[in-house]
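The listed protein sequences derive, respectively, from chains A and B. Going by our numbering, 159 is the number at position 159 of the first sequence; the sequence numbering is gapless. Going by our numbering, 247 is the number at position 247 of the second sequence; the sequence numbering is gapless.
Quick caveat, the hints were computed from the structure, so don't treat them as lab data. From a predicted model like this one, the values you see are computed outputs, not experimental measurements. All C-beta atoms in this analysis are idealised placements derived from N, C-alpha and C, irrespective of residue type, glycine included. Errors might be hidden in some of the hints.
[Said to hold, decoys possible] Away from chain A, derived, C-beta distances all over 10 Å, residues of chain B:
hint, residue
1, A76
2, V149
3, R497
[Said to hold, decoys possible] Lysine-lysine pairs mimicking BS3-like chemistry, simulated, CA-CA at most 27 Å apart:
hint, chain 1, residue 1, chain 2, residue 2
4, B, K338, A, K168
5, A, K191, A, K106
6, B, K476, A, K106
What follows is each chain in one-letter form.
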Amino acid sequence: MKGRNGLLIGGGILFAILLIATVLLSVERFVPPRRAAESAPPAAVETATATAHITATLFYMAPDGRTLVPVRREVPLATLAEALGAQILTELFAPAPPPYVSVIPKGTTLRAFYITNRGDAFVDLSPEVTTAHPGGTLAELLTVYAIVNAVTVNLPSVQRVQILVDGKEVDTIAGHVDVRRPLARNASLVKGT
Amino acid sequence: MGRLRGTVTLTVAVLVLLLALLPQAQVPATPFTLITRDGRRPVTATLVNNQELLALDDIAMLFQLALREDAGAGSATLSYRGRTLGLAANQPTVSVNGRAVSLPAPVVQQGRRWFAPVEFLQSALAPIYDQRIQVRRTARLIILGDLRVPRVTARIDSPGPPTRVTFEVAPPTGITASQDGSRVVVRVDADALELALPVGGGGVVQQIRPGEQGNTVVLSLDGGVGSMRAVPTTANNVARLTIDLQGGGAAPPDSADTPAAPRPPSPPSTPVDLADVLGPRKTGQTIVIDPGHGGADIGARGRAGTEKQIVLDVARRLKTLLEMRLGARVVLTRMDDKAIDFETRAAIANQNRGDLFISLHLNAAPSPDVSGTEVYYLQPDRDLELARSEVAKTTVAVSVAGGGARPIEIVQWDLAQARHLEVSGRLAALIAESLAARTSGAPTPVRRAPLRLLKGLNMPAVLVEMAYLTNPAQEKAVASDDFKNAVIEGLHDAVARFRTQIEETRTR
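Construct all of the structure, not just a fragment, from the sequences and the given hints.
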């Protein structure tokens, strides 16, 4: 009886190994070569130390004062999109590196960041984004789209971004721009596009 | 027999396989109608990734264009008589004569087929085409050439007797009715019609449907009709034809002049149109001015005052000026320093049946160097854009006192602005021009943004950012009477010109 059980378990393991090998081989065959090459570096970085960084595009006030300018910045690497998104936003909310000017109200912090299966990201901000906002349609547009663009440009899996304040849905953050629903990237506010 | 069954099974299997292998779902949507001098023809729309798009090969065939694809570069060109426009896959812009024209949705390439939103015809193709192309998305019409296509709405006001049917034509033009056996033919002096007809009938009217000719509508009647009386009127820039139909054998209402047959009082079920009682209503008669922010919501801050105080002061002055000079009825959304939410502002404007809406604000920027005046109107998001086609369709019948039903149009609160976008854009341009002339003389840009306030407004609506409180020079200026007077004079000029323009287009 015992011998029979061992045979069964052994057979089961062998079958499982064969199944996994088949799946892996077929996946290899169906993945286009370009994608396979792309997926190699992140796998390598996964084991890298905590000091690993990647270059992300953040948005600050353009010299004309009316638009956003894309700026390449190093942010700590994270493998999961949600963790990487949080790193990018934390960097965006930090004081801007000279000569750039931040369009995010002082004191604003990220409470939470998550991504739904539909490709919508939720950015939950501390109340300072509203209370410390200077007001005005232009300043509000710049704040909203610096956040929306930073997330959608750097995280290809995210199509739209919904802003929450203190964990709750709000109409606007400063009285003008509708943020009740997820917003898509706005390229017209970015200088040089 | 067995062989036949085998063949059928195989065929079905192959078909299922083919269907499964087809590129991403392309679902046919309700077609658009192309109206030309020669008549009407359907233009198929396809739902691709939830966007309603037109196939460019169909468009190329209809408009005699050459579609050339650069497969490697993911781009394509459309040419017409030596003029060319360039498209790129997944781009919401098209290059026309070297200029970028933006579209409400990106161009889509699926296999060898290219798709673009219907607005492409008006904004991108029209500039290189030698005929006018007009797109009316809500009515699903594409109009080629200078054709007169007024909007014709029919409704059964009362089943009667007499059955009362009202036709409204905007912009107003000649409308007549003639009886032809068991039907009434309504003829409009136009090339084609944009129709909004009730679904069912009522009283002696079985059905109201489009006529055989492009400019007629037919009322099918239930059995014989004794008499018909049709009265045309024009009010509020709408031509109206009220048709009263009596069942077979009844005395014609016109003979009511004779003392023997006193005219019966109007049936109580006929709703009274306030516009008829109050007389013709001028365009731009009711103007809604919205001083931004208020109460705890201070808005932008400056040393000379806060946004909420300054805009209220300007709004009060503007109200007086518009009432005095234009004889208009001016409604303010707030008269004092109190907080009101977006819904209340929209409700005040909509319930007062405003003809235009101006929200007054002061701007702020992260840099003190930024200055100037800006005029905004709504940039709809994708959901709103899609819903535009649905807005006109939602008509429901409600019971009226005394029996019968009256169709009323239901507009979703958040989509109310969708059908006014074009006119809002014109109003914004006029205000920008007038303000630039009256204030600094510097060009005042018209911008579009997804503004929360404007979405629920069922009238042409704009938001004016008068100056930057974050700019030291402008901050000082806004406190002065000179600045406030220049702004209200500029707004007055724009409103006056807007009224004239609307009158002209309606009476043309």
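We went through each hint and held it up to the structure:
1. A76: 21 Å, holds
2. V149: Since the minimum Cβ distance to chain A is about 32 Å, V149(B) lies beyond 10 Å and the statement holds.
3. R497: 24 Å, holds
4. K338(B) x K168(A): Given that 27 Å is the threshold and the Cα spacing comes to 24 Å, the pair holds.
5. K191(A) x K106(A): Between K191(A) and K106(A) the Cα gap is close to 23 Å, so the pair holds against 27 Å.
6. K476(B) x K106(A): 26 Å, holds
Hint compliance for this structure: every hint is met.
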